[in-house]
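Colleague: Going line by line, the protein sequences match chains A and B.
According to this note's numbering, the first sequence is numbered sequentially starting from 1.
According to this note's numbering, the second sequence is numbered sequentially starting from 1.
If you're looking for bench data, these hints aren't it; they were derived computationally from the structure.
Treat each hint with caution, since some may be false.
[Claimed, not checked] With a Cα cut of at most 25 Å, we get these calculated SDA-like pairs of lysine to any residue: (1) A:Lys33 to A:Glu46; (2) A:Lys182 to B:Lys10; (3) B:Lys6 to A:Pro67; (4) B:Lys56 to A:Ala214; (5) A:Lys182 to B:Lys6; (6) A:Lys45 to A:Ala59; (7) A:Lys45 to B:Met149; (8) A:Lys250 to A:Ala77; (9) A:Lys182 to A:Gly222; (10) A:Lys250 to A:Gly132; (11) B:Lys6 to B:Lys56; (12) B:Lys56 to B:Met149; (13) B:Lys47 to A:Met204; (14) A:Lys72 to B:Thr63; (15) A:Lys182 to A:Ser167; (16) B:Lys56 to A:Ala59; (17) B:Lys58 to A:Val184; (18) B:Lys58 to A:Lys33; (19) B:Lys58 to A:Glu137; (20) A:Lys72 to B:Met149; (21) A:Lys187 to A:Gly132; (22) B:Lys6 to B:Asn29; (23) A:Lys72 to B:Thr46; (24) A:Lys187 to B:Phe42.
A quick note: this is a predicted structure, and the numbers were derived from the prediction, not measured.
For reference, the chains in residue letters:
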Amino acid sequence: MDIEEAKFILSAVPPGRIDESSPATPSDPEVAKALRMVENDPALKEWYERSRRFDAAVAERLQEIEPPADLKASILAGLRVTPTPLWRRGPVARWSAVAAVLAVGLLVGTLVDPGTSTPDGGTGGTLGEFQGDMLEEVRGLDGMDFQSNDPAAVAAWLRSRELDPGSALAAEANGHALVGCKIVQWKGYRVSLVCFRLAGEEGMPGLHVMTMDAAALETPSGEGPQFASDGTWSAATWRDDDRVYFLAAKGEHADPRGLLSPG
Amino acid sequence: MKLNPKELEKLVTAHYATLYRFALSLARNEAEAADLTQQTYFELATKGGQIRDLNKAKSWLFTTLRREFYTQRRQSGRFISIDEDGEREMELSDEVEDNAVRQADARIVMEAMNRVRETFRAPLVLFYLDDLSYREIAEILDLPIGTVMSRLSRGKRELRGRLSESLRRDETPDNVVRIPRASGE
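Make a model of the complete structure from these sequences and hints.
Modeller: Here's what the structure looks like:
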């Protein structure tokens with residue numbers, strides 16, 4: 001590490017993140033290394049101290065900006081009249097929701113490939129959980145992060161964010177119209193979502209393909225594909241090498257994975 | 001995770017001021033910043049079930065506010081310098097004395113921050129407002145860590161230059177700087 005690299009690293013450490021009483025033990029080893037250089041290089045030390053004073057002064061000034069006096073009260077009042085989401089409603093609605101979830105679960109159970117293992121009921125990270133959560137994402141989808149009908153542009157956008165669309169864009173070659181993409185989160189992992197209009201259809205996207213790093217799953221790599229349907233969406237979830245795919249298509253499809261490739 | 005009214009109120013108390021300041025740096029307009037902050041908590045109340053860990057709520061709030069800002073801008077057709085990275089590096093003097101910054105008031109610092117290019121402004125404001133690590137900033141802005149570090153480094157250089165300009169201008173007796181800038185000004 002040279003002086004410029006040390007400056008680069010230390011510039012990114014916020015004022016409150018280094019324990020001045022024990023500066024050589026931050027959790028990031030690169031920061032620790034840069035701090036050791038500070039101790040041995042007077043010019044770097046002078047730069048560092050000046051930089052820290054500047055950061056502290058800017059941070060202090062920005063913290064002085066006061067929100068409007070009534071903002072907090074206004075937010076709290078707004079929350080009191082916000083329609084209560086399902087998960088906070090009374091017991092009837094809650095049990096109705098539980099029943100609906102169970103019904104979908106039973107349906108999923110009947111459609112699961114008989115040769116595969118079912119979710120292990122652990123703390124999370126199974127293929128089945130991924131499928132359930134992603135189906136929920138698709139149902140609640142309210143827009144995309146990046147809109148384009150150009151597969152190269154969508155791929156570039158995702159790759160610039162260190163996400164690999166895998167074979168998700170293959171659906172475009174199969175006549176489905178690319179609409180755009182979005183990044184969603186699942187158990188701390190980022191998932192790319194690519195949206196299409198089904199071939200020959202107009203309006204809202206009816207085909208969604210999600211791709212995630214298979215390391216996010218806790219279940220064995222030999223686990224087979226899973227399928228689900230809720231009457232509106234047909235879904236399939238499967239592994240392919242080091243990726244996990246989720247595909248949801250509007251309408252009834254025995255194996256919606258076929259939408260990704262001709263035939 | 002289920003957020004009850006008490007948890008919601010706690011999250012409002014803990015973060016609304018910082019969220020407002022972040023919104024102000026994006027919108028550069030007080031009314032819009034207040035509206036964005038309120039809208040973010042509305043999203044929390046209606047979609048809070050998506051947050052699986054209460055410790056992640058802060059990141060979720062910042063991410064949601066930023067997304068909401070861009071959504072509103074897209075919908076209103078007001079936009080946006082999408083990528084200013086291609087611009088040449090600004091030739092600004094970064095000779096600003098730390099004492100001068102300490103003696104400047106918040107409005108001068110915010111005015112200088114508002115003139116930092118948008119690409120750098122969001123990571124800088126997150127860095128200064130809430131002691132977020134570069135990893136957390138990367139998560140909120142959905143950028144690679146190296147990009148965040150680079151933007152912080154370059155953004156600070158630009159901020160020093162802008163502060164230097166602002167401090168010089170503020171010494172001019174007939175100068176009036178209104179902070180934050182209303183849109184369209």
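Colleague: Are the hints correct? Go through all of them and say.
Modeller: Do the hints match the structure? See the list:
1. Our distance criterion of 25 Å between C-alpha atoms is met by A:Lys33 and A:Glu46, whose separation comes to about 17 Å.
2. Between A:Lys182 and B:Lys10, the direct Cα distance comes to roughly 30 Å. Violation of the 25 Å bound is thereby established for this hinted pair.
3. This hinted pair checks out: B:Lys6 and A:Pro67 have alpha carbons roughly 22 Å apart, not beyond 25 Å.
4. A distance of roughly 23 Å separates the Cα atoms of B:Lys56 and A:Ala214; the hinted pair therefore holds under the 25 Å criterion.
5. Distance restraint check for A:Lys182 and B:Lys6: the Cα-Cα separation of roughly 32 Å exceeds the 25 Å cut-off, and the hinted pair is therefore not satisfied.
6. Taking the CA atoms of A:Lys45 and A:Ala59, the gap is near 21 Å; set against the 25 Å cutoff, the hint holds.
7. Between A:Lys45 and B:Met149 the CA atoms are separated by roughly 20 Å; this keeps the pair inside 25 Å, and the hint holds.
8. Proposed proximity of A:Lys250 and A:Ala77 is contradicted: the alpha carbons are some 39 Å apart, above 25 Å.
9. Using a Cα cut-off of 25 Å, the hinted pair A:Lys182 and A:Gly222 is violated, with the two alpha carbons roughly 28 Å apart.
10. With a C-alpha separation of about 16 Å, the suggested pairing of A:Lys250 with A:Gly132 holds against the 25 Å cut-off.
11. Distance check on the hinted pair: B:Lys6 and B:Lys56 sit about 17 Å apart at the alpha-carbon level, within 25 Å; holds.
12. Annotation: proposed proximity of B:Lys56 to B:Met149 holds, straight-line Cα distance about 22 Å (limit 25 Å).
13. Taken as a hint, the B:Lys47 and A:Met204 pair is honoured in the structure, with Cα atoms around 22 Å apart against an allowance of 25 Å.
14. Distance restraint check for A:Lys72 and B:Thr63: the Cα-Cα separation of roughly 20 Å lies within the 25 Å cut-off, and the hinted pair is therefore satisfied.
15. Our distance criterion of 25 Å between C-alpha atoms is met by A:Lys182 and A:Ser167, whose separation comes to about 16 Å.
16. Taking the CA atoms of B:Lys56 and A:Ala59, the gap is near 23 Å; set against the 25 Å cutoff, the hint holds.
17. The hinted pair formed by B:Lys58 and A:Val184 meets the criterion: a straight-line CA distance of about 17 Å does not exceed 25 Å.
18. Between B:Lys58 and A:Lys33 the alpha-carbon distance is near 29 Å, which puts this suggested pair outside the 25 Å criterion.
19. In summary, the hint linking B:Lys58 to A:Glu137 is supported, as the alpha carbons are separated by about 21 Å, within the 25 Å threshold.
20. About 33 Å separates the Cα atoms of A:Lys72 and B:Met149, which puts this hinted pair outside 25 Å; it is violated.
21. Between A:Lys187 and A:Gly132, the direct Cα distance comes to roughly 13 Å. Compliance with the 25 Å bound is thereby established for this hinted pair.
22. Annotation: proposed proximity of B:Lys6 to B:Asn29 is violated, straight-line Cα distance about 30 Å (limit 25 Å).
23. At most 25 Å may separate the alpha-carbon atoms for a hinted pair to count; A:Lys72 and B:Thr46 meet this at roughly 18 Å.
24. Distance check on the hinted pair: A:Lys187 and B:Phe42 sit about 23 Å apart at the alpha-carbon level, within 25 Å; holds.
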